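K.L.:
These are the residues of each chain, in order.
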Amino acid sequence: MKLTHVVLPAVLVAAGALVSARCSVEGPEVGKAPPEISAKAWLNHVGAEPSLASLRGQAVLLEFWATW
Amino acid sequence: MDLVEPYVLQNGLPFLVASGSSSSGDYGVSGIPHSFLIDAEGKLAWHGNPAGLSKGAVKKALKGAKRPKGDFLAVRIDEPVDARGEKARKLAEDGELAAALKEVAAILADESATGEQKQGAATVQSAVEAHVALLTGQAEQFIKDRDLGKALTILEALGKEFGASETGEKSRKRVEEIHSDPQLKAEMEAAKAWTRLQDQIRELKPAKARPKIEDFVKKYTGTKAADRARAMLGPGKSK
Numbered sequence: 001m002k003l004t005h006v007v008l009p010a011v012l013v014a015a016g017a018l019v020s021a022r023c024s025v026e027g028p029e030v031g032k033a034p035p036e037i038s039a040k041a042w043l044n045h046v047g048a049e050p051s052l053a054s055l056r057g058q059a060v061l062l063e064f065w066a067t068w
Numbered sequence: 001m002d003l004v005e006p007y008v009l010q011n012g013l014p015f016l017v018a019s020g021s022s023s024s025g026d027y028g029v030s031g032i033p034h035s036f037l038i039d040a041e042g043k044l045a046w047h048g049n050p051a052g053l054s055k056g057a058v059k060k061a062l063k064g065a066k067r068p069k070g071d072f073l074a075v076r077i078d079e080p081v082d083a084r085g086e087k088a089r090k091l092a093e094d095g096e097l098a099a100a101l102k103e104v105a106a107i108l109a110d111e112s113a114t115g116e117q118k119q120g121a122a123t124v125q126s127a128v129e130a131h132v133a134l135l136t137g138q139a140e141q142f143i144k145d146r147d148l149g150k151a152l153t154i155l156e157a158l159g160k161e162f163g164a165s166e167t168g169e170k171s172r173k174r175v176e177e178i179h180s181d182p183q184l185k186a187e188m189e190a191a192k193a194w195t196r197l198q199d200q201i202r203e204l205k206p207a208k209a210r211p212k213i214e215d216f217v218k219k220y221t222g223t224k225a226a227d228r229a230r231a232m233l234g235p236g237k238s239k
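Line by line, the protein sequences are chains E and G.
When the count follows our numbering, it moves up by one through the first sequence with no breaks and lands on 68 for the last residue.
When the count follows our numbering, it moves up by one through the second sequence with no breaks and lands on 239 for the last residue.
Calculated directly from the structure, the hints in this document are not laboratory data.
A few of these clues could be false.
Unchecked claim - Only pairs whose alpha carbons sit at most 25 Å apart, straight line, appear in this in silico DSS-like list of lysine-lysine:
| hint | chain 1 | residue 1 | chain 2 | residue 2 |
| --- | --- | --- | --- | --- |
| 1 | E | Lys40 | G | Lys150 |
| 2 | G | Lys219 | G | Lys150 |
| 3 | G | Lys144 | G | Lys185 |
| 4 | G | Lys144 | G | Lys160 |
| 5 | E | Lys40 | G | Lys218 |
| 6 | G | Lys219 | G | Lys185 |
| 7 | E | Lys32 | G | Lys160 |
| 8 | E | Lys32 | G | Lys218 |
| 9 | G | Lys173 | E | Lys32 |
| 10 | G | Lys118 | G | Lys144 |
| 11 | G | Lys59 | E | Lys32 |
| 12 | E | Lys32 | G | Lys60 |
| 13 | G | Lys55 | E | Lys32 |
The model shown is predicted, which means the values in this text are computed figures rather than measured ones.
Please construct the entire structure, taking both the sequences and the accompanying hints into account.
P.N.:
Here is the structure:
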């Protein structure tokens, strides 16, 4: 059985805004449905663009990362 | 994000990658890397630093999960479709595109079909045709990017699905063109050889692996596989 592994970029937040971002945006709660993912460009998919809705029924590992 | 796309295409990564996303904001991500494990029911099972993800948590999330859908032929049709068109819609969503179009054709040819029924059939038909166009476009882009494995996967699947129809014939013809183009053939051979070499050097120390990679780059110079191999050598002493 395999996880579907999805990698998304983290948005670069300016240092000053980082603190307020942490305070104002709560992450999704364990046990609840997380927000749908969106992206400007999917780089290596085949067929329709991936979304959590289209991946429903599979286990998904969503990873946020960046190049810096 | 200019770094990301070439890297992804260069290395043929086995997982889905996106760029230009604002989802990290929606997910309250402030430190990276940060991962979210979503179970088969679409609920968040765990989140945190990827290094902290336990096998147990993964096993739990996999309970009741379907295999990752390799079926890129599947079409999502969100518009409402009349009851008579339901069969065609289900076939399209299961990736049985030829069968879906056959159903559609039957409805459209039926003189006693109502306007609504024909509308529903037309909706399914457009969705399938748009999806085939999408896949064909993606195949061409993969050929341009010299990712021939992916291009062939798409074209062979279309050829098989659409059999003797025009779409099927076109796809099979393109596959033949790829196989008979000397440059593309060289790309495919290089890609195969690179996969084999990667298996060979997996257990070797860098000092032993390096000359093998350098030989590979020399032998297959000009191919994407050689580019990937050269990238592995890192900056500096690559020939």
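K.L.:
Work down the list of hints and note, for each, if the structure agrees.
P.N.:
Here is how each hint holds up against the structure:
1. Among the hinted pairs, E:Lys40 with G:Lys150 is consistent with the structure: their alpha-carbon atoms are about 22 Å apart, no more than 25 Å.
2. Between G:Lys219 and G:Lys150, the direct Cα distance comes to roughly 24 Å. Compliance with the 25 Å bound is thereby established for this hinted pair.
3. Note on G:Lys144 and G:Lys185: the hinted pairing holds, with a Cα-Cα distance of about 14 Å set against a maximum of 25 Å.
4. Distance restraint check for G:Lys144 and G:Lys160: the Cα-Cα separation of roughly 23 Å lies within the 25 Å cut-off, and the hinted pair is therefore satisfied.
5. For a cut-off of 25 Å, the pair hint linking E:Lys40 to G:Lys218 is broken: about 38 Å separates their Cα positions.
6. For a cut-off of 25 Å, the pair hint linking G:Lys219 to G:Lys185 stands: about 15 Å separates their Cα positions.
7. Our distance criterion of 25 Å between C-alpha atoms is broken by E:Lys32 and G:Lys160, whose separation comes to about 41 Å.
8. Under the criterion of a C-alpha separation no larger than 25 Å, the hint pairing E:Lys32 with G:Lys218 is inconsistent with the structure, at around 53 Å.
9. Restraint check for G:Lys173 and E:Lys32: the C-alpha separation of about 48 Å exceeds 25 Å, so the hint is violated.
10. As the CA atoms of G:Lys118 and G:Lys144 are separated by approximately 39 Å, the hinted pair breaks the 25 Å bound.
11. Of the pairs offered as hints, the one joining G:Lys59 and E:Lys32 holds, with about 19 Å between alpha carbons and a cut-off of 25 Å not exceeded.
12. At roughly 16 Å between alpha-carbon atoms, E:Lys32 and G:Lys60 fall within 25 Å of each other, so this suggested pair holds.
13. For a cut-off of 25 Å, the pair hint linking G:Lys55 to E:Lys32 stands: about 21 Å separates their Cα positions.
Of the numbered hints stated above, those contradicted by the structure are hints 5, 7, 8, 9, 10, listed in ascending order.
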